[in-house]
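Visitor: One letter stands for each residue in the lines below.
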Amino acid sequence: MKGTGKMIPLMLRMLVKKPDTILYPAQKAHVEEHFRGALKFDQALCIGCKLCMRVCPSAAIEIERVSETEKVFQAYVRMDRCIFCGQCVDTCPKKALENTENFELASTDKESLRKAI
Amino acid sequence: MAKMMIPLGPQHPALEEPESFSLLLDGERIAAATVALGYNHRGMEKACESRTYIQDIYLLERICGICSHSHSSSYVQAVEAIAGIEIPKRAAYLRTLIGELERVHSHLLWLGIAGHEIGFQTLFMFVWRDRELVMDLLERLTGNRVNYGMNTIGGVRRDIDSTQTEEVLKALDILEARTSYYIKVCTEEQSIIGRLAGVGKLPREDALRLGAVGPVLRASGVRRDMRKDDPYDAYSELDFNVITDDHADVLGRTVVRVFEIMESYKICRQVVRNMPDGPIAVKVPAKIPTGEAFSRYEAPRGEDIHYVRSNGTDRPERVKVRAPTLANLASITNMIEGGYLADVPIVIAAIDPCFSCTDRMIRVQDSRSGREDRYDWAGLRQYSIDWYKKRGVDLSQTKAAWKD
Amino acid sequence: MALSLINILIFPGFLFLSTLALAFEYVDRKLCARMQNRVGPPWYQPIADFIKLMSKETVIPTEANPSIFKSIPIFALAATASAFLYIPIWGQRSLYPFDCDLLVVLYFLTVPTLTFFLAGWFSSSLYAEIGSIRAMTQLFAYEVPLYMALLGPALLAGSWSISAITAFYHQNPLLSLLNLPGLCVAIIAAQGKLERAPFDIPDAETEIVGGTFTEYSGRYLGLFRMAVDSEMVALAALISAIFFPALLPANPVLGLLVFLIKVLVVVFILAVIKTAFARFRIDQMVTFCWKILAPVSLLQIVIDIIAKGVILS
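Protein chains in written order, with the numbering used here: chain A, 1 to 117; chain B, 1001 to 1404; chain C, 2001 to 2313.
Keep in mind the hints are simulated off the structure, nothing from the lab.
Do not take every clue at face value.
[Said to hold, decoys possible] Going by beta-carbon spacing under 10 angstroms, a handful of chain C positions derived as facing chain A:
{"#": "1", "residue": "Met2035"}
{"#": "2", "residue": "Asn2037"}
{"#": "3", "residue": "Pro2061"}
{"#": "4", "residue": "Leu2260"}
[What the hints assert, rightly or not] Think about it this way: if two alpha-carbon atoms lie no more than 27 angstroms apart in a straight line, the pair counts; the simulated DSSO-like pairs of lysine-lysine are:
{"#": "5", "chain 1": "A", "residue 1": "Lys6", "chain 2": "C", "residue 2": "Lys2030"}
{"#": "6", "chain 1": "B", "residue 1": "Lys1089", "chain 2": "B", "residue 2": "Lys1170"}
{"#": "7", "chain 1": "A", "residue 1": "Lys95", "chain 2": "B", "residue 2": "Lys1287"}
{"#": "8", "chain 1": "B", "residue 1": "Lys1287", "chain 2": "A", "residue 2": "Lys17"}
{"#": "9", "chain 1": "B", "residue 1": "Lys1287", "chain 2": "A", "residue 2": "Lys94"}
[To be verified] Heads up, incomplete: computed chain C residues facing chain A, CB under 10 angstroms, no partners named:
{"#": "10", "residue": "Leu2194"}
{"#": "11", "residue": "Arg2196"}
{"#": "12", "residue": "Phe2259"}
Just so you know, even glycine gets a beta-carbon here, dropped at the ideal spot from N, CA and C.
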């Protein structure tokens, strides 16, 4: 019976240690910097080239012109499609798009999945 | 007791993904077993043809949630070979680093699953706790925990700075200490050895005959590793050993995997220490010249093969993926026949199966008549047009979005 | 009459046992979680689980016999609740002690395993049938060592009555040290009886889905879980009554407290065993029980017979 219960010393040590898991919604989850989370859009920088729409692997982003006279654009992201690859951020020639560290994007309402950002 | 047939899957707690195994039981012993594939066909190869080369990286990365870097690397290697691009040295080193960290995370995940399959929850919990360290590291280096999005055609997308290098080295030290502990547990704890030793035997000749790959093959005593046999990225410049074992059973596969983790730490250290300076990517035009190429990559589960054919446009004409699980599946029935029912989950888990990566077709069987239907592309299109026509929608004039 | 009803239904009967069962389920789960470096469930989790199961839809397989299917969990619960009545929990005497109550308690505690077998068998499901065959095979492996381990102390005390055994060791506390091998066997066999890891072979989730309970859902599954939890309390109480009878204060309230601490110790050991090992295969389990547990429990009987001859004569 040599070599039985190899993990018992570690287990008993853990009894007095702080647990490694967290109670998630109550405690905040740790996110590393430069995480590729929800997209952020800077309206002032966008020139409406729509390159992001062309490279997006899942057709998640849409750029629409909001004003008849001026070159002002609004970005919409379909959260049910976005795969957070960040290709649009890399492609954007004016750096109008950016990944944030926000990952808590679940929604109970299907309509709200297409978001203006 | 009479022999009875029991289904293991397509829905079963031992399997993470649907796959159907039918076992003929003689008491607790398995008299015969059959495997039925085809519950997870996702049509990815076809989908690749309607997307650009860049978009395909992200699609193919999602073939597998665990060896995502392997699939995307394998694919970009093939595309780079067609386009005749030499990637910068630094990019090759970075790909190697991510690839090895992925191997660590995949093998730790496997060790945890193995613990779960043999009913050892504690091993599962501890190993997965420490796997989080690798996941956090990958998140810090690439921005994502699972589908890293590190590769692009012509190089990598993110660079690593000196503080990140320090963090990698620090995390590797902790991981190495913990992994040595798990090696000790796995090779000395009698209740684990009792469940793993002599289970799922696959002798060397059978492993070669049935075309097993990766840790399964290496545990049968065959030295085969794409990193040595057909070096890619930076592997030709690195010093590491190919781990083999002669147990030829599940214990052997465990030993190969845990020692491979240690080799990966060694490789990661060499990579971050010898990282050359320079650009991380070269510019590649969107249109790839006509040609074809195939590339091999040692994924954590074994040899991963991608074949790409181009036609001069910005979309590939054909992409074919051979996931390592397909090669290993053939040996499963060999391994479980004659064994105990209790050992089936761990034997299946021991090839580290990834059924969704493997499936390339779907089989439709009418549950009442037992009739099977198989369609080719044109037939499937015709079937759907007829189906809608019966319901009052005429789609026959609609142009197909892709070539027939 | 009214007092007996209160005794049976409220204290120390059904209600007290159920509360204790849920409390010790929490202790067990929390200890396991902390040993695995997890946070673990909050204190109300077992109650929440129980209430949730009670309110869920119950599905009865069409091929199963509905009346047997429904009544089996009640048998299991009733048997453990009856066994608990004969175990002394606040002093040296149980509620209704009589001459051979140890045997009766042991038989009552075998009933749940039999109900697991019947539950699996009458579910008419492949996994449940395999599970019930495994439950029976396992019963033959651990039952003999368990009985022999409990027989030793009874031999030394010269009585089949739990209350008398407790009283005997209370007077001669040092003699209970002789029963240490039996204690080890009893705790390991209890683990098998409760079908907990590493002996959770009859309901090994990764092999045969839910084993004997595959087809059970809702209220009846809740009753089964309650029965298993009460069985754990009853077995832990039996082990602590027979193997650690020392330190029993005369005050019933203090006595109850001491009893709870002893049960807690047994549950702690059970939790450590549950957490520390991989699941055995059925052949390994049978071999282990007959090659290691049975000889040790025989040794226990030999020790007790010699002790009776040498010390007490």
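Visitor: The structure should be examined with respect to each hint, and the outcome stated for every one.
Guide: Right, here's what the structure says about each hint:
1. Given hint, Met2035(C) at the interface with chain A, holds; its Cβ is 4 angstroms from that chain's nearest Cβ, closer than 10 angstroms.
2. The interface hint given for Asn2037(C) is met, as the beta carbon of that residue sits about 5 angstroms from the closest beta carbon of chain A, less than 10 angstroms.
3. With 10 angstroms as the threshold, the beta carbon of Pro2061(C) stays out of range of chain A, its nearest partner Cβ sitting at about 34 angstroms, so the hint is violated.
4. Because the smallest distance between the Cβ of Leu2260(C) and any Cβ of chain A comes to about 20 angstroms, over 10 angstroms, the interface hint for this residue is violated.
5. Taking the CA atoms of Lys6(A) and Lys2030(C), the gap is about 21 angstroms. The hint holds against a cut of 27 angstroms.
6. Pair hint Lys1089(B) plus Lys1170(B) holds up; C-alpha atoms about 24 angstroms apart against a cutoff of 27 angstroms.
7. Distance hint between Lys95(A) and Lys1287(B) is fulfilled; the C-alpha atoms sit about 24 angstroms from each other, no more than 27 angstroms.
8. Distance restraint check for Lys1287(B) and Lys17(A): the Cα-Cα separation of roughly 57 angstroms exceeds the 27 angstroms cut-off, and the hinted pair is therefore not satisfied.
9. For the given pair, Lys1287(B) sits about 23 angstroms from Lys94(A) by alpha-carbon distance, which is consistent with the 27 angstroms threshold.
10. The beta carbon of Leu2194(C) comes no nearer than 19 angstroms to any beta carbon in chain A, farther than 10 angstroms, and the hint placing it at the interface is violated.
11. The beta carbon of Arg2196(C) comes no nearer than 16 angstroms to any beta carbon in chain A, farther than 10 angstroms, and the hint placing it at the interface is violated.
12. With 10 angstroms as the threshold, the beta carbon of Phe2259(C) stays out of range of chain A, its nearest partner Cβ sitting at about 23 angstroms, so the hint is violated.
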